[in-house]
Amino acid sequence: MYDFHAARKRSELLMNIRTHFIGKGYLEVSTPTLSPYLIPEPTIKAFGTRFINEFTGSRDLYLIPSPEIFMKKLLAAGSGSIFQISECFRNSEQLGNIHNPEFTMLEYYTVGADDNDSIGITIEMIERTKPEGTDAPWLKEKPLVITMHEAMWKHAGVDMDKAEDIAYLRKEASRLGLEAAEDESWDDTFNRIFLTYTEPALPKDREVYLTEYPDRIACLARNAEGRPTKKRWEMYIAGMEIANCYDEETDKAETERYFSAEYSRMVKERSGTEDIIPPPDPSFPGLSIPPSSGAAMGLDRLLAAHLGLNCIEPLLLFPLSDMLRQ
Amino acid sequence: MIKAGQIDKGTALLVKGQPFVCIEREFVNPGKGSAFVRLKLKSPATGQVLSETMKSQDNAEDITVEDRDLQYLYNDGENFYFQNTETFDQIDVPMKSFPDYEYFMKEGETYRTTFWEDQVLDITIPSKIVFTVAEAEEAIKGDTVQGATKYVTTETGLRVRVPIFIKQGEKIRVNTETKEYLERVNS
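Here the protein sequences come in this chain order: X and Y.
For what it's worth, my numbering labels the leading residue of the first sequence as 261, then goes sequentially.
For what it's worth, my numbering labels the leading residue of the second sequence as 844, then goes sequentially.
Take the hints with a grain of salt, since some may be wrong.
[As the list claims (entries may be wrong)] Below 27 Å or equal to it, Euclidean Cα-Cα: the simulated DSSO-like pairs (lysine-lysine) are: (1) X:431 <-> Y:859; (2) Y:852 <-> X:464; (3) Y:1014 <-> Y:949; (4) Y:883 <-> X:464; (5) Y:939 <-> Y:1010; (6) Y:883 <-> X:414; (7) X:390 <-> X:400; (8) X:414 <-> X:402; (9) X:414 <-> X:400; (10) X:431 <-> X:414; (11) Y:846 <-> X:528; (12) X:269 <-> Y:1022; (13) X:269 <-> Y:993; (14) X:464 <-> Y:1022; (15) Y:1010 <-> Y:1022; (16) X:431 <-> Y:1010; (17) X:464 <-> Y:885; (18) X:431 <-> Y:883.
No lab work stands behind these hints, which were simulated from the structure alone.
Computed from a predicted structure; not experimentally measured.
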């Protein structure tokens, strides 16, 4: 019933990652999983709970979907490069396959590095921390670094230079046989094409770093100079999305704009639904974050990739789907 | 109509006028994007599998299906033959629509089937089945390597990799999705 071999490999992977980052001079930190505020992200749904205290008054609290909010406070306070392995929580996601509402995340911030440096940092870390006895074939192949521009052209025939124009993007969606509503947002039409044609066609025999995401997709990564893209990548192994990385936004005004726009979008989309709306952290946009790259990696999925699996459930000793069936 | 986000494994849909059953469903949240759902839909008539990616708020045309319990009689290599034990009607289902089901269904047993009009869209088989080992290779003498395995064949003809201690005539539990050995069953 319990796979103790996988449990041992998980323990080794976590220990190897700790040893690797500590050896490189990163500080391991431990930040809260329960927080009164989060970074506004309309596409991520949080778990909410309540702190009850008859003296100070009760407050809503939220389980973190990632430790980003706290780790960036430490960066701004001069921590230097830091990493953390923590449990993170995402609501409304599917049970099973490569999902579990509670999962183990590795998050690492490298001060003075950019998104490009972070690819090298990540490749080296994955290679050096593999659990003993695992010999996944993908680890022997040279990782592929490909821009979104190249990938969309190669696998969907869409020219991202023209895709700024939503009329062009809609025409392309229709050419590809996809039904996009007339009033569909740019992001949704783009993702419809990306998820149907591009993402499934990415090579599955090696690490794939998909770089230079369109800047129309809002996130806390810096804009590339002279191009309509973000300094951001996502990494895939065997078709599983394993990690993402930003060259972190350091401009306070940009962060403030992001907070305000994304929070408004979340309120608009969630009003009248049962989805909760966690308040944004008011102090966050004012942080002086040093130039740094930040990457987040799903360790359950990385372990699955090392063990040659394409699902994480067999690796969890207590998957939520099993507990709910009892 | 239902929302794509409500489609689950087993949901029957009409795609361009043809019935399809969802055999795989995965939610995807592309980095910083809305929720999408990736579906694999199978046509019971042809065995064709379609991959569809839909936004979870997109509409899909679901169809009303009916469950009926049918007794499995036999197969002739092309069709499975079932009987409705109430009406004694015989129903044939193309084997190519349900690959490997000949290894999982036992003659004379009753299975829950899903009908749309006169067409069988789905046959429910348990996720774990107990089989009798009909044939077992002899374990190689002196093979004491931990975790050593061999192949056995069940009474339905399914070849399964098992630990070397499994003998002919014993019962084993098998995962029907992965065709993997789970455990020995003491009867």
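Item to complete: Just pull the numbers of the violated hints for me, sorted ascending.
Response: 5, 16
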